[in-house]
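Mapping of the sequence shown onto the numbering used here: residues 1 to 138, in sequence order.
It is possible that some hints are incorrect.
[What the hints assert, rightly or not] Derived DSS-like pairs: lysine-lysine, alpha-carbon spacing no greater than 25 Å straight-line:
1. Lys105 x Lys29
2. Lys121 x Lys91
3. Lys105 x Lys74
4. Lys95 x Lys105
5. Lys95 x Lys74
6. Lys91 x Lys105
7. Lys121 x Lys7
[Unchecked claim] Computed Cβ-Cβ distance ranges for the label pairs, DEER-style:
8. Lys91 x Glu49: 25 to 33 Å
9. Leu84 x Gly51: 27 to 35 Å
10. Asp8 x Glu49: 32 to 40 Å
11. Glu49 x Lys29: 33 to 41 Å
12. Glu28 x Arg93: 20 to 28 Å
These are calculated hints, taken from the structure and not from any lab test. Positions of the beta carbon are idealized from the N, C-alpha and C atoms, including for glycine.
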Amino acid sequence: MDIEEIKDAIALRYPYLLVDRVVESDGEKLVALKNVTINEPFFQGHFPEPGPSVMPGTMIVEGMAQVSGLLARKVLGEEGIGYLVGVDGAKFRQKVTPGDQLILKAEKNRVRSSLCKVDVKAFVDEELVAEAEITLAF
1 MDIEEIKDAI
11 ALRYPYLLVD
21 RVVESDGEKL
31 VALKNVTINE
41 PFFQGHFPEP
51 GPSVMPGTMI
61 VEGMAQVSGL
71 LARKVLGEEG
81 IGYLVGVDGA
91 KFRQKVTPGD
101 QLILKAEKNR
111 VRSSLCKVDV
121 KAFVDEELVA
131 EAEITLAF
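Whole structure, please, built from the sequences with the hints as guidance.
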């Protein structure tokens, strides 16, 4: 899935579009990439100098929600935009800094009517940096 297909499925745009590319998708799981650069606007005020810039946890969760939405559309066979209705068990294990490539792995948990629960994990260099259960409604 390229960026144009992603933009068709996610209502957000720069600076809130946090999925650069989908590299794997089979209907039960989806893997996407976000290249984190120092040019991201959220770095301007989040842990400014001195010290390393850190990607805000809320932006990591937003990226996980976007990947969940992409997967949920496939699972439910929906063409519309999913709305975030729940984030459960969010945990942040490591920091994400400029230059990192965030790998977002989403897996279908359960579906009920127009709701889809998705388990999402975020990795940098194969190290778990965050995880959550995301619920979307269509």
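Hints broken by the structure, by number, lowest first? Hint 5 contradicted; others consistent.
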